[in-house]
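Position chain S against the provided structure of chain W, taking the given hints into account.
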Amino acid sequence: MRAVAASAPRSRGSATLWLGLLLVGLHVAVALLTLVWTPYDPTALTGGRLAPPSWEHWAGTDRLGRDFFTQIMIGSRIALIVGISAVAIGGLIGVTLGVLAAFATRLLDDALAATLDILIAFPTLLIAMLVVAASDTASLGTAILALGIALSAIVARLTRILAKRVLLMDYITAARTSGTSRIGVVFQHVLPNIWPTLSVNFALQFGLAVIAEASLSYLGLGAPPPNASWGRLLQEAQGTVYTAPIGAIAPGIALVSLVIGVNLLADGLRDIGDPTRRASR
Amino acid sequence: MNLLSIDRLNLSVDGKPLVSELSFSIAAGERLGLIGESGSGKSLTAMAATGLLPRAIKATGSVTLGGQLVIGAPDRMLDGLRGTVAAFVFQEPLTALDPLLRVAQQVAEPLRRRARRDGRDLDGAALGREVLTLLEQVALPQPERIARSYPHEISGGQRQRVAIAMALACRPQLLIADEPTTALDVTTQAEILKLLDTLVRERSMALLFISHDLPVVAEIVERVVVMQRGVAVEAGPVREVFGTPRNDYTRALVAAAKAFDDALEGRA
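If you read the protein sequences in the order shown, they are chains W and S.
Residue numbers for the first sequence follow the numbering used here, so the first one is 1 and each next one is one higher.
Residue numbers for the second sequence follow the numbering used here, so the first one is 1 and each next one is one higher.
Accuracy of the hints is not assured; some may be wrong.
To be verified - With beta-carbon atoms standing in for the labels, derived distance ranges:
| no. | chain 1 | residue 1 | chain 2 | residue 2 | range |
| --- | --- | --- | --- | --- | --- |
| 1 | W | Phe187 | S | Ala263 | 49 to 59 angstroms |
| 2 | W | Leu107 | S | Glu37 | 31 to 41 angstroms |
| 3 | S | Gly124 | W | Ala121 | 43 to 53 angstroms |
| 4 | W | Ala114 | S | Pro141 | 50 to 60 angstroms |
| 5 | S | Leu52 | W | Ala111 | 19 to 29 angstroms |
| 6 | S | Arg148 | W | Glu56 | 56 to 66 angstroms |
To be verified - A partial selection of chain S residues facing chain W, derived with a Cβ cut-off under 10 angstroms:
| no. | residue |
| --- | --- |
| 7 | Leu52 |
| 8 | Gly72 |
| 9 | Gly80 |
| 10 | Leu81 |
| 11 | Arg82 |
| 12 | Gly83 |
| 13 | Glu92 |
| 14 | Asp98 |
| 15 | Arg102 |
| 16 | Pro110 |
| 17 | Arg117 |
| 18 | Asp121 |
| 19 | Tyr150 |
| 20 | Ala163 |
| 21 | Gln173 |
| 22 | Ile176 |
Worth flagging that the hints you see were computed from the coordinates, not collected in a lab.
If you're wondering where the values come from, they're calculated on a predicted model, not measured in any experiment.
Backbone N, C-alpha and C define an ideal beta-carbon position, used for all residues, glycine too.
For reference, chain W alone in the conformation it holds in the complex:
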């Protein structure tokens, strides 16, 4: 029975892993490339306004005549920065809170859990908007911080439940009886054992953060104009979507391919990270 269970996700796992690697790798490569080279200067007016795709301008030009493909490429960099930093901030706060709640006394745990539930009841975007509104300058940094804080509640709740389940396992008791301290148990057993589930959730959060940043930018609360965030490109394309649909389609495809890629990658990595899912040697 184990052989069947182990072999099925394996073949599926490697396919998702490779596709995920390909998509994410492409975005990372493009993002790195923009640091040293872009087809055109992103702010230079290089052609007619709203020109359709051509050999000179692969995705046409925007309403000011700037090369659109260049802006999409720079958008990759911004999306990756936003996704990674927001998940890092949310993960750090969320995992810490979640583990503390799992160890806390009944009363404190209930209070924390209730607070988290209330926070989660608000849409992530709304919390992020509140945080951005509270700090009166709209910048990429503020948007990232806001998204990180908004995501941390979801991470904290998941961590709390996962950690509680692991803490009930005999190997935790065994470790404690042999003299492992509480902190030692967290780093040696709890975090590694909740990591496979947590990492998949981080991938979802990454996608959420990228989309939420696009939404914030779309609403004018994210990265201010010189930053070619996909959300802002979508917003700018709004008025011209019938005359130049490429303005909405291109950033949309970029956004979707990155989010799907990260999810596939996380799925594939989880299958590798869990020895019971691997076929035995």
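Just chain S now, with coordinates in the frame of chain W:
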């Protein structure tokens, strides 16, 4: 001096008593059996000995482990006693091992900690050698292969040997074995029992053996405490308690074991 002495221990959850007025002690090198049906409070008593009761359970009375009062002591103080004074082997060998760590890593952890407590560093090749030595001492076949395996890749009996190796790695003065053979098949049971017996004698460790299985306990310990519904109903040397049981419950236990033996030998 007693390694573990429990004096009038009471355990309760929400006012409902789980263990009442339990007293016994174990001296260095002594082997004691704690017998009773499931739910009689044996395992809780063992956890109380190291101060690792679930938070919901209230403990009163006195528990002294290695000269240190356990009930009411801060966790940090008890961490130092755990492993060094007493180490555990549990019932369920699958869940007692972390599924994500190779056997070598699991055994290395208590070894390294014990070395650190003794004030020396144990790392790299030296640590690897000690892990293999321990795996050999618990009579695991092909220790190199087992060391590289994950828990799900080895058998139940082998896992229990690994769990025993982890307890031995702590070099405790007292080994607490909580139904260590219950989850195993009969032939493996006998092997594990023999192994525990040998190891405890060789290292002149004290042993607290918890079980519901009378013949198993009789084989390995010198004294027994019989528990029923959280109360010690009878205590004394094995021969005395099982030879001339005074309490009804003990008599029933002995009779059941005898009936089983008779049935096996076709005398019934």
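So, going through the hints one by one against the coordinates:
A hinted range of 49 to 59 angstroms for the beta carbons of W/Phe187 and S/Ala263 is consistent with their spacing of about 52 angstroms. About 35 angstroms separates the C-beta atoms of W/Leu107 and S/Glu37, a value consistent with the hinted range of 31 to 41 angstroms. The hint said 43 to 53 angstroms for the Cβ distance between S/Gly124 and W/Ala121, and at roughly 52 angstroms that hint holds. Our hint of 50 to 60 angstroms for W/Ala114 and S/Pro141 holds, since their Cβ atoms are close to 53 angstroms apart.
Look at S/Leu52 against W/Ala111: about 25 angstroms separates their beta carbons, and that is inside 19 to 29 angstroms. Between S/Arg148 and W/Glu56 the beta carbons are some 59 angstroms apart, a value that agrees with the proposed interval 56 to 66 angstroms. Taking 10 angstroms as the C-beta contact cut-off toward chain W, the hint placing S/Leu52 at the interface holds, the least distance being around 6 angstroms. Given the 10 angstroms rule on beta carbons, the hint for S/Gly72 is violated: about 16 angstroms separates it from the nearest Cβ of chain W.
Annotation: S/Gly80 was flagged as interfacial toward chain W, and the flag holds, the nearest CB pair being 7 angstroms apart, inside 10 angstroms. Contact between S/Leu81 and chain W, as hinted, is supported at the beta carbon level, the nearest pair being about 8 angstroms apart and thus within 10 angstroms. Restraint check, S/Arg82 versus chain W: the minimum CB separation of about 4 angstroms is within 10 angstroms; hint holds. Checking S/Gly83 against chain W: minimum C-beta separation of about 3 angstroms stays under 10 angstroms; hint holds.
The closest approach between the C-beta of S/Glu92 and any C-beta of chain W is roughly 6 angstroms, which is under the 10 angstroms cut-off, so the hint is satisfied. Here the hint on S/Asp98 is kept, as its CB sits about 5 angstroms from the closest CB of chain W, short of 10 angstroms. Because the closest C-beta pair between S/Arg102 and chain W is about 8 angstroms apart, less than 10 angstroms, the hint holds. Taking 10 angstroms as the C-beta contact cut-off toward chain W, the hint placing S/Pro110 at the interface holds, the least distance being around 5 angstroms.
With its C-beta approaching chain W no nearer than about 8 angstroms, S/Arg117 sits inside the 10 angstroms limit, and its interface hint holds. Interface restraint check: S/Asp121 against chain W, minimum CB-CB distance 17 angstroms, threshold 10 angstroms, status violated. The beta carbon of S/Tyr150 is positioned within 10 angstroms of a beta carbon in chain W (closest approach about 5 angstroms), and the interface hint is therefore held. Checking S/Ala163 against chain W by beta carbon gives a least distance of about 7 angstroms; that is within 10 angstroms, so the hint holds.
Interface hint status for S/Gln173: violated, as the beta-carbon distance to the closest one in chain W is roughly 13 angstroms, over 10 angstroms. Given hint, S/Ile176 at the interface with chain W, holds; its Cβ is 8 angstroms from that chain's nearest Cβ, closer than 10 angstroms.
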